Amino acid sequence: MALNPSGAISLAGPSAGQSIAVELGVSATATISLNDVNVRTLAQVPSGVIVMPTDFYGKSSFTPTQKALFGFGLAASTYYSITNLVSNTGVVSADTPGVGTARTEISAAGYGGDKAIFAYGGIPGNPGTTITNLVSNTGVVASDTPGVGNAKASLAAAGYGGDKAIFGYGLLGGAPFGTVISTTNLVSNTGVVSANTPGVGTARQALAAATYGGNNDKAIFGFGFARTNITNLVSNTGVVASDTPGVGSARYSLAAAGYGGDKAIFGYGFIGPNPTGQTSITNLVSNTGAVVSNTPGVGQVRFILAAAGYGGDKAIFGYGCRQTPNNTINLSMTNLVSNIGVVSADTPGVGTIRQGLAAAGYSTT
Numbered sequence: 001m002a003l004n005p006s007g008a009i010s011l012a013g014p015s016a017g018q019s020i021a022v023e024l025g026v027s028a029t030a031t032i033s034l035n036d037v038n039v040r041t042l043a044q045v046p047s048g049v050i051v052m053p054t055d056f057y058g059k060s061s062f063t064p065t066q067k068a069l070f071g072f073g074l075a076a077s078t079y080y081s082i083t084n085l086v087s088n089t090g091v092v093s094a095d096t097p098g099v100g101t102a103r104t105e106i107s108a109a110g111y112g113g114d115k116a117i118f119a120y121g122g123i124p125g126n127p128g129t130t131i132t133n134l135v136s137n138t139g140v141v142a143s144d145t146p147g148v149g150n151a152k153a154s155l156a157a158a159g160y161g162g163d164k165a166i167f168g169y170g171l172l173g174g175a176p177f178g179t180v181i182s183t184t185n186l187v188s189n190t191g192v193v194s195a196n197t198p199g200v201g202t203a204r205q206a207l208a209a210a211t212y213g214g215n216n217d218k219a220i221f222g223f224g225f226a227r228t229n230i231t232n233l234v235s236n237t238g239v240v241a242s243d244t245p246g247v248g249s250a251r252y253s254l255a256a257a258g259y260g261g262d263k264a265i266f267g268y269g270f271i272g273p274n275p276t277g278q279t280s281i282t283n284l285v286s287n288t289g290a291v292v293s294n295t296p297g298v299g300q301v302r303f304i305l306a307a308a309g310y311g312g313d314k315a316i317f318g319y320g321c322r323q324t325p326n327n328t329i330n331l332s333m334t335n336l337v338s339n340i341g342v343v344s345a346d347t348p349g350v351g352t353i354r355q356g357l358a359a360a361g362y363s364t365t
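Be aware that the sequence shown starts at 1, since it is given in my numbering, and climbs by one per residue.
Don't read these hints as lab results, they were simulated from the structure.
Each pair of labels, with its calculated beta carbon distance range:
#, residue 1, residue 2, range
1, 15, 49, 19 to 27 Å
2, 16, 137, 18 to 26 Å
3, 126, 292, 33 to 41 Å
4, 235, 272, 29 to 37 Å
5, 297, 198, 32 to 40 Å
6, 339, 49, 32 to 40 Å
7, 137, 294, 32 to 40 Å
8, 36, 364, 13 to 21 Å
9, 339, 194, 31 to 39 Å
10, 47, 196, 48 to 56 Å
As the structure is a computational prediction, the values presented were derived from the model and not from experiment. Cβ atoms here follow ideal geometry from the backbone N, Cα and C, with glycine treated the same way.
Modelling step: build the complete structure from the supplied sequences, incorporating the hints.
Here's what the structure looks like:
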């Protein structure tokens, strides 16, 4: 969140947008002074007189994440739990040995301001799980945490509220006769996953989601199977809105990420018909959640890939697969996205080629 751009500002109190204590993440009843270091940092006045309330108008304690990681996935019937870290300049590292249950069609999001969470996904013999794996602010993946909510896969996730996350939609029971859902599960700023929230909007799978808005306080779910381009906005309190009519090519098995500090991008995916319907088109999302029509694609057409923000205001698409008339080719290539939403040409892949993985941002340093 951020402090209000006008009106009353108070040192303490429970009102978001008005209370400096709330903005700093301290107790609304804690002892707090204008001369405290964190208060001066928020006001951007390191010394001298602080003018109340004007020095605090519009100020935010939010620090965007700087690094990212890709994790889990599937290739040639092998399930993986390996991860690949992404530096704050977009450089992808070699494989880090996997932690937790290897699975595919998983999803991930940032939470807590500097951490991430992988959750759900399918494993051999079980098309849906509820397992979660937390990621520290140094990119270390924790062992499995027992799941909450429906066992599912082929869902999407994004951060919201500046420090929380939401998982939503997906498939119960696996293809081809599973049940698509629209339920969501909120994640607290300490990484605790909540029970199911009744679904809003069209139930679907193989969609994507991303954070957008000032201080990364809102999210958007979009596209999905069967081929659609509808979107659902998520408020800064985690409330999912009803369907917004679609913009751009209807498709599924795409990826999405935030960029530019307050915008998002959907990219790649499968349009059909099989096996020639892969694409590299992108759709930008404004800081009000409005989706823009197609931007011509850059890089290798592919689907079942992942994306995340990095560097505070940029994004990266990576991995996935492409189909030919005779086989499926798994990939590890990446495409960087600038802070104005321009997608770069293919960067040679690093790490194990795979599809059905997920990605999220972490770390503020």
